[in-house]
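S.K.: Each chain is listed here by its residues.
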Amino acid sequence: MTPAELERLYDTHAQAVFAFLLNVTRNEADTREALQDLFLKLGRRGLDVDGLRDERAYLLRLAHHQAIDAIRRRETRLRIETASAEPLEVFASSPDPDTDTFRAELSKALETLPSEQRSVVHLKLWEGRSFVDIASILQIPANTAASRYRYGLEKLRGHLQPLYDELHT
Amino acid sequence: MDSSSTSSDPERHAFEARLRDQPLRPVPQELRESILSRHTSNLRTAERRPSPSVWETWWSRVSSPLTGLAGIWVLAWLAFQIDPWILGSQTPSVAAPSARAVREAREERLALLRSLEQPGLQPEPEPQTPAHLRPRSQLRRRHRPNPVQGLPHLHLAWNTGAKTVFAREVQAARLVHETGSLPTSDIRPQSETPVFLLNA
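Respectively, the protein sequence lines represent chains A and B. Residue numbers 22 to 190, in the numbering used here, belong to the letters of the first sequence in order. Residue numbers 1437 to 1636, in the numbering used here, belong to the letters of the second sequence in order.
The set of hints was computed from the structure by calculation and includes no laboratory data. Just to be clear, a hint being listed does not mean it is correct.
To be verified - Some chain B residues near chain A, calculated using beta-carbon distances under 10 Å:
#: 1; residue: Arg1454
#: 2; residue: Arg1456
#: 3; residue: Glu1483
#: 4; residue: Pro1488
#: 5; residue: Ser1489
#: 6; residue: Thr1493
#: 7; residue: Leu1546
#: 8; residue: Leu1548
#: 9; residue: Leu1549
From a predicted model like this one, the values you see are computed outputs, not experimental measurements. Heads up, the beta-carbon is just placed ideally off N, CA and C, and yes, glycines get one too.
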């Protein structure tokens, strides 16, 4: 793949892939490493763009595999860095302190979800994917994707109950 | 399938919309520079590397199967060395006796025959284990059809009877050993039906 082709691919999809990796791995270093590996592999191997129905979905599937590998590698290591690490910033910072607080709480709530549920919730909410797409990306049945989303969303609602109530008062 | 996204629950819908509105963190700019420069560097390295010769291409294709075959051959050879039965041979391979061993064995047999021909020089009989001391598996048993086949309520009785018959055999074997002949009263027909079955 030529540098120009890789540049185009990166500029189009890197943001989405990065956010997905960050939300699934919940680790900045793993995310950076996985993103780099993914795009360098694509650069070496090339990508048959014409043969792809959905370029973004394909990249997200590759990113999911990278994230699973990163999580497995991390599980074999001591989890000291996770315990002592700074809170992970998944969302953009905001000048409004209330919004910032809500995003920080949401990030914490997402961390409590199992990575399988978090992947589905991320793809549904921030990628706007249908359950059929999500099933294809994560290689799971569509019903499983739907149920994981439902459980994940219920847990998020439980964790964010005070803010959720505030939203409706 | 996507009913959850268009849920009739307005609270849930609002909650989902609120979450969706939160923008995700942008990808760090330095990652872009790092990835693109590494890709360019990889391409340059690949260009500088000479293309493999015909021989190298051929060897890269052939070496792997050849290694596999060699490995299988070595394993088979080792297995044969350890135990020939592993490879399906039913009998162990026995080296053919040498001509000298054959000649010696023949001479030994001839010497034995000559000694037997001389009067008064009979070979001593080999000491035998008395029959009653031999393990049960070595005693000759007569095959008898089981007359209580299909009659479960008589199995226990038959087993008891069989043990009695066996005990008689042992006793007869002991008599043969001690007296050298079998009393005629102990010779019974081949198939014997226990008395209790005749009475039943």
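S.K.: All hints are to be evaluated individually against the structure, with a verdict given for each.
M.R.: Against the structure, the hints:
Taking 10 Å as the C-beta contact cut-off toward chain A, the hint placing arginine 1454(B) at the interface holds, the least distance being around 6 Å. A hinted interface residue such as arginine 1456(B) counts as satisfied when its beta carbon comes closer than 10 Å to some beta carbon of chain A; here the least separation is about 5 Å, so the hint holds. Against a cut-off of 10 Å between C-beta atoms, the interface hint on glutamate 1483(B) is violated, since the closest Cβ of chain A lies about 12 Å away. Taking 10 Å as the C-beta contact cut-off toward chain A, the hint placing proline 1488(B) at the interface is violated, the least distance being around 17 Å.
A distance limit of 10 Å between C-beta atoms decides the matter here; for serine 1489(B) the minimum to chain A is near 22 Å, and the interface restraint is violated. Here the hint on threonine 1493(B) is broken, as its CB sits about 19 Å from the closest CB of chain A, past 10 Å. For leucine 1546(B), the interface hint is violated, since its Cβ never comes within 10 Å of a Cβ in chain A; the closest pair sits about 78 Å apart. Taken as an interface hint, leucine 1548(B) does not check out: its beta carbon lies about 76 Å from the nearest beta carbon of chain A, beyond 10 Å.
Of the supplied interface hints, the one on leucine 1549(B) is violated, with its beta-carbon coming no nearer than about 80 Å to a beta-carbon of chain A, more than 10 Å.
When the structure is compared with the earlier hints, violations turn up for hints 3, 4, 5, 6, 7, 8 and 9 and for no others.
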